[in-house]
Structures are given as structure tokens and as C-alpha cells.
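**Student:** Sequence:
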Amino acid sequence: MKFDRYLPNDRLKNYIKYYVVSENDAESEYTVFPTTGLVIGFQYQGQLSAIQDSTAHKLSSAGISGMADRYKVFKNSADIGTVLVYFTAVGFAQFSSCPAHELFDASLPLDDVFDKSSVAELEEKLAAAATDLERIQVVEQFLLTQLNHIQTDRLIVEAVKLIYLSRGMIKISELNRQLSISQSPFEKRFRKLVGTSPKKFASVVRFHSALSRMNGEHSLTEIGYESNFYDQAHFIRDFRRFTGQSPEKYKRALRKNDFLQS
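Under my numbering, read the sequence shown as residues 32 to 293, first letter to last.
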């Protein structure tokens with residue numbers, strides 16, 4: 032299985048975190064954790080399906096997934112090849128006038144959001160590309176043609192920055208105080224730009240902060256405490272919602288993989 036990351040060019044680096052080219056020879060089912068930005072995916076070969084209630088639902092070969100606050104399960108066909116675009120928390124707004132919150136917890140065909148003929152042309156070019164670098168160049172050219180150069184909401188950009196700096200542990204009331212804005216208009220502006228509420232976004236950031244400590248020597252109790260969970264039960268409940276498994280099972284699997292690779 033291949034999962035190679037590529038950084039965007041200078042014109043896109045403020046809006047795109049990175050690209051991934053992923054390939055898998057074997058059919059497999061896998062879990063995807065919530066991310067802190069929207070994701071676009073292009074299957075240049077093979078088929079991807081979303082699993083819901085044990086039923087596979089085939090997805091478009093070019094699709095977009097909005098923010099979510101729980102894990103999702105996907106199944107790929109054999110010999111699948113995918114290019115993924117991971118947006119920054121506020122990056123999507125530079126490419127589409129669609130409010131990000133309208134895509135929350137959704138996986139939609141990309142031509143529901145972008146021009147159908149442009150998406151079709153992009154897919155043709157991807158199918159003809161011979162190397163990963165060519166595929167990235169095709170995707171970047173598409174993104175550059177969609178770039179709007181709009182003025183980003185600076186207050187929301189600052190709010191996202193503060194949430195990251197606190198590792199998702201800042202209280203929303205404290206954000207309101209620091210940014211001198213009341214809760215209702217703040218939440219409306221945040222959801223439109225980021226794709227979910229400030230509280231849910233902070234919970235995803237906090238989850239990833241805890242996740243980054245799972246492969247170290249920290250105990251689960253220490254991780255829960257450092258991540259500002261009220262108690263271990265709260266930590267376990269949130270972790271299950273984001274990953275589909277308990278933190279103990281996840282940490283045990285990490286240790287097993289480390290042992291197998293050593």
C-alpha cells in the first residue's frame with residue numbers, strides 16, 4: 032500500500048495542507064478519523080464505497096467530504112489509486128462560494144460543488160497522467176483555476192489559531208471574550224467558513240492532540256488529563272466516537288505495529 036504526501040506550491044500553501052497519492056493492490060475496508068478541514072478525493076483508478084449500516088454505497092470517482100465529528104468507514108476495490116486534497120481549516124472558502132457547513136458530515140460528488148465540465152476535464156487528465164507528480168500537477172492546475180482570492184474572515188482565522196494553540200482546550204466563552212464578539216454571530220461566521228461549530232472543531236483538535244501522544248510512553252490516564260478531559264469515561268467516550276474503538280485497544284495496536292516494524 033502506498034500513502035505518499037506532497038506539499039502544495041506557494042500560491043496554494045495557505046489553503047491546502049498537503050496532497051496524498053494513495054494506492055492499494057488489495058480490496059480493503061478501513062476507518063477514517065475526523066480531520067480539521069475538508070477533503071477532496073479523486074479515484075484515477077478503482078472504486079471507493081462508503082459503509083453505512085453494513086451496506087456499501089458507491090461514491091463518485093471525484094468527491095468532496097465535509098467536516099465530521101465521528102469516524103467513517105470506507106471500502107476500496109482492488110488496484111485503487113486516489114489523489115486526496117487536504118484543505119486547511121479555512122482554506123475551502125477560497126475555492127467555492129458554498130458555505131462549508133452545508134457539507135458537514137457529507138460525502139458528495141465534486142460536480143455538486145464545482146462546474147461539471149471542469150470536473151470532467153480534470154478526471155480525463157488524471158486518467159491520462161502517467162506519474163504521481165503529473166497527477167499532482169493536474170490537481171493543482173484545477174485548484175488554481177478555482178482560486179477566488181477572496182478576503183478571509185480574519186476574526187475566524189484568529190479563532191482557529193487560538194484553538195490550535197490551546198490544543199482544542201480553550202473554552203468557547205473565552206474565545207468570545209478574547210475576540211470581543213458574542214456567541215451567536217461568532218458561531219454563524221465560524222460554521223460558514225470552517226464547516227462546523229467552534230465547539231465541535233475544538234473537540235477534533237483536542238482529539239488529534241491526544242492521538243499524537245498515543246504512541247509515546249504516556250499512560251492513558253496521563254493523556255486524558257493532559258487533554259483536559261473531565262474523567263476517563265469522558266475520554267473513552269469521545270475517543271470511541273472519533274475512532275470506533277477504545278483508547279486502550281488503539282494504543283495496543285500501535286505497540287503491536289511498532290514491534291512488527293522493529
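Because the hints were derived from the structure by calculation, they are not lab data. Hints may contain errors.
Said to hold, decoys possible - With a Cα cut of at most 25 Å, we get these calculated PhoX-like pairs of lysine-lysine:
hint: 1; residue 1: 106; residue 2: 33
hint: 2; residue 1: 202; residue 2: 223
hint: 3; residue 1: 103; residue 2: 230
hint: 4; residue 1: 230; residue 2: 147
hint: 5; residue 1: 202; residue 2: 156
hint: 6; residue 1: 89; residue 2: 33
hint: 7; residue 1: 219; residue 2: 202
hint: 8; residue 1: 48; residue 2: 156
hint: 9; residue 1: 230; residue 2: 156
hint: 10; residue 1: 202; residue 2: 44
**Student:** Are the hints correct? Go through all of them and say.
**Tutor:** These are the hints, each one checked on the structure:
{"no.": "1", "hint": "106 with 33", "result": "16 Å, holds"}
{"no.": "2", "hint": "202 with 223", "result": "20 Å, holds"}
{"no.": "3", "hint": "103 with 230", "result": "20 Å, holds"}
{"no.": "4", "hint": "230 with 147", "result": "34 Å, violated"}
{"no.": "5", "hint": "202 with 156", "result": "46 Å, violated"}
{"no.": "6", "hint": "89 with 33", "result": "22 Å, holds"}
{"no.": "7", "hint": "219 with 202", "result": "17 Å, holds"}
{"no.": "8", "hint": "48 with 156", "result": "23 Å, holds"}
{"no.": "9", "hint": "230 with 156", "result": "40 Å, violated"}
{"no.": "10", "hint": "202 with 44", "result": "29 Å, violated"}
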